[in-house]
Structure formats: structure tokens, C-alpha cells
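Chains as they are written, first to last, in the numbering used here: chain A, 1 to 114; chain B, 115 to 228.
Incorrect hints may have been included.
[As the list claims (entries may be wrong)] The calculated DSSO-like cross-link candidates involving lysine-lysine, where the alpha carbons are at most 30 Å apart (straight line), are:
id: 1; chain 1: B; residue 1: Lys167; chain 2: B; residue 2: Lys133
id: 2; chain 1: B; residue 1: Lys155; chain 2: A; residue 2: Lys49
id: 3; chain 1: B; residue 1: Lys154; chain 2: B; residue 2: Lys196
id: 4; chain 1: B; residue 1: Lys117; chain 2: B; residue 2: Lys155
id: 5; chain 1: A; residue 1: Lys49; chain 2: B; residue 2: Lys133
id: 6; chain 1: B; residue 1: Lys133; chain 2: B; residue 2: Lys155
id: 7; chain 1: B; residue 1: Lys117; chain 2: B; residue 2: Lys184
id: 8; chain 1: B; residue 1: Lys133; chain 2: B; residue 2: Lys117
id: 9; chain 1: A; residue 1: Lys69; chain 2: B; residue 2: Lys196
id: 10; chain 1: B; residue 1: Lys185; chain 2: A; residue 2: Lys49
id: 11; chain 1: B; residue 1: Lys133; chain 2: B; residue 2: Lys196
id: 12; chain 1: B; residue 1: Lys196; chain 2: A; residue 2: Lys49
id: 13; chain 1: A; residue 1: Lys49; chain 2: B; residue 2: Lys154
id: 14; chain 1: B; residue 1: Lys185; chain 2: B; residue 2: Lys121
id: 15; chain 1: B; residue 1: Lys154; chain 2: B; residue 2: Lys133
id: 16; chain 1: B; residue 1: Lys167; chain 2: B; residue 2: Lys155
id: 17; chain 1: B; residue 1: Lys196; chain 2: B; residue 2: Lys121
id: 18; chain 1: B; residue 1: Lys123; chain 2: B; residue 2: Lys133
id: 19; chain 1: A; residue 1: Lys49; chain 2: B; residue 2: Lys117
id: 20; chain 1: B; residue 1: Lys133; chain 2: B; residue 2: Lys185
id: 21; chain 1: B; residue 1: Lys121; chain 2: B; residue 2: Lys167
Because the hints were derived from the structure by calculation, they are not lab data.
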Amino acid sequence: TQTVSQSDAHVTVFEGDSVELRCNYSYGGSIYLSWYIQHHGHGLQFLLKYYSGNPVVQGVNGFEAEFSKSDSSFHLRKASVHWSDSAVYFCAVSAPQGGRALIFGTGTTVSVSP
Amino acid sequence: DPKIIQKPKYLVAVTGSEKILICEQYLGHNAMYWYRQSAKKPLEFMFSYSYQKLMDNQTASSRFQPQSSKKNHLDLQITALKPDDSATYFCASSQGGQGDAEQFFGPGTRLTVL
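The task is simple: from the sequences and hints, build the whole structure.
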């Protein structure tokens, strides 16, 4: 069984600050890891994904994430946030075998203050 | 132009009734999905279809029945509605049904069961 844990329910940052959103997963085999963003009242939008290779992956709008097998983590980072980054961020895992389901974490709400 | 259309945006139903949630995608994708998001639970995977065939079903209740009349349609029929069914239902699609395929989400249908 795959599980995803996002330990921070809510993060508040100032515009221009950096932010890191934590994601830890539990799964015994190979998995795909991804991050999605959900702005209020909208559906989810894909940010980035990782399966193999370089553990640091670049996504849209300046986001990047780093995979760590030893920590079972896939944390999302942005060096300088903008007010439009205020949203809920979801970490997700899926398995290659019959891996059509995205299993989501509980989400982290990011509030960016001016 | 919206690439994934979900209708209606809002839906109010009475307990015991039946409703159909509509989803159409114009991305040319061959895999479609349904997810549910409620206040009590994080985003939950419900169903996946590939080439109009059911691939995964992680919904325990048979009251939820996906229907695919065309390859770019995946509607969700819910019968004998209960207040616990109140949630936002998201349709998604991807090119390919493997775990690494980026999923594109619709805007959701918010269902309230009274």
C-alpha cells in the first residue's frame, strides 16, 4: 500500500521568500512522485514529477523538487514566491504496476503575504 | 478554451435520489479518471478508464457507476445518494494509462446532498 504524508497543513510566507513543502511517502517498490497545485475553486494542475535519474527535478513557474530515497521524501521548493503561488499543494504517488491511480497527500495550504 | 469540461459546476440533491456527473475531455487522451475531494478526506481516487474500459476501481460502493459513451466522455452516475456523498468530484485525463502519465484535471462538480 502506498501512503503519502504532508506534515505541514498550512505555511505562511512573505512574497519574495523561499518556501519548502515537505512530502514523505511509504512504498516498497518503484514509484512515480509528483506535485500538483490547486488554486481556490479550481481543479488541480501538474507541477512536476520524478521517476528516476537526477533527483532534482524542475517544474513550472520556478518550482523544483528533490527526491531522497534514504529519507523517502520528495520535497517541493521555490526560491522566491509570488502572491499567485497562494494555493494548496498536493504531493502524489503512483505505482508503475497498474499505476493509474494517483494517491494524494492531505495537501499543504500556502499563503503568500505581500 | 477549457480542455476538460465538467457539468454541472454545482449540484444539489436530496437523499435517496440519483444524479449523473458529466465529464468531457478535448485533449485527445485515452485514459480518464474520477477523483473525489471532501472536507473529511483528502483527494481520493475512484476509477480509471483506458480506451473506454474500466481499469481500476477503488470505490467500495456499487452506487457509483462510471459510464463511457464516447472515448472522450466519462460520466459518473451516483444512485441512492447519501449526505456523505457530498464532495467535489474531479474528472481527469491522461495520454496513456501508466503511472508516469501527467493527469489533467477538470474544474470539478461540487455535489451537496441534503
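To see whether the hints hold, each was checked on the structure:
no. : hint                 : in the structure
1   : B:Lys167 to B:Lys133 : holds (22 Å)
2   : B:Lys155 to A:Lys49  : holds (24 Å)
3   : B:Lys154 to B:Lys196 : holds (15 Å)
4   : B:Lys117 to B:Lys155 : holds (27 Å)
5   : A:Lys49 to B:Lys133  : violated (35 Å)
6   : B:Lys133 to B:Lys155 : holds (21 Å)
7   : B:Lys117 to B:Lys184 : holds (16 Å)
8   : B:Lys133 to B:Lys117 : holds (23 Å)
9   : A:Lys69 to B:Lys196  : violated (42 Å)
10  : B:Lys185 to A:Lys49  : holds (26 Å)
11  : B:Lys133 to B:Lys196 : holds (11 Å)
12  : B:Lys196 to A:Lys49  : violated (36 Å)
13  : A:Lys49 to B:Lys154  : holds (27 Å)
14  : B:Lys185 to B:Lys121 : holds (17 Å)
15  : B:Lys154 to B:Lys133 : holds (21 Å)
16  : B:Lys167 to B:Lys155 : holds (27 Å)
17  : B:Lys196 to B:Lys121 : holds (20 Å)
18  : B:Lys123 to B:Lys133 : holds (13 Å)
19  : A:Lys49 to B:Lys117  : holds (21 Å)
20  : B:Lys133 to B:Lys185 : holds (21 Å)
21  : B:Lys121 to B:Lys167 : holds (22 Å)
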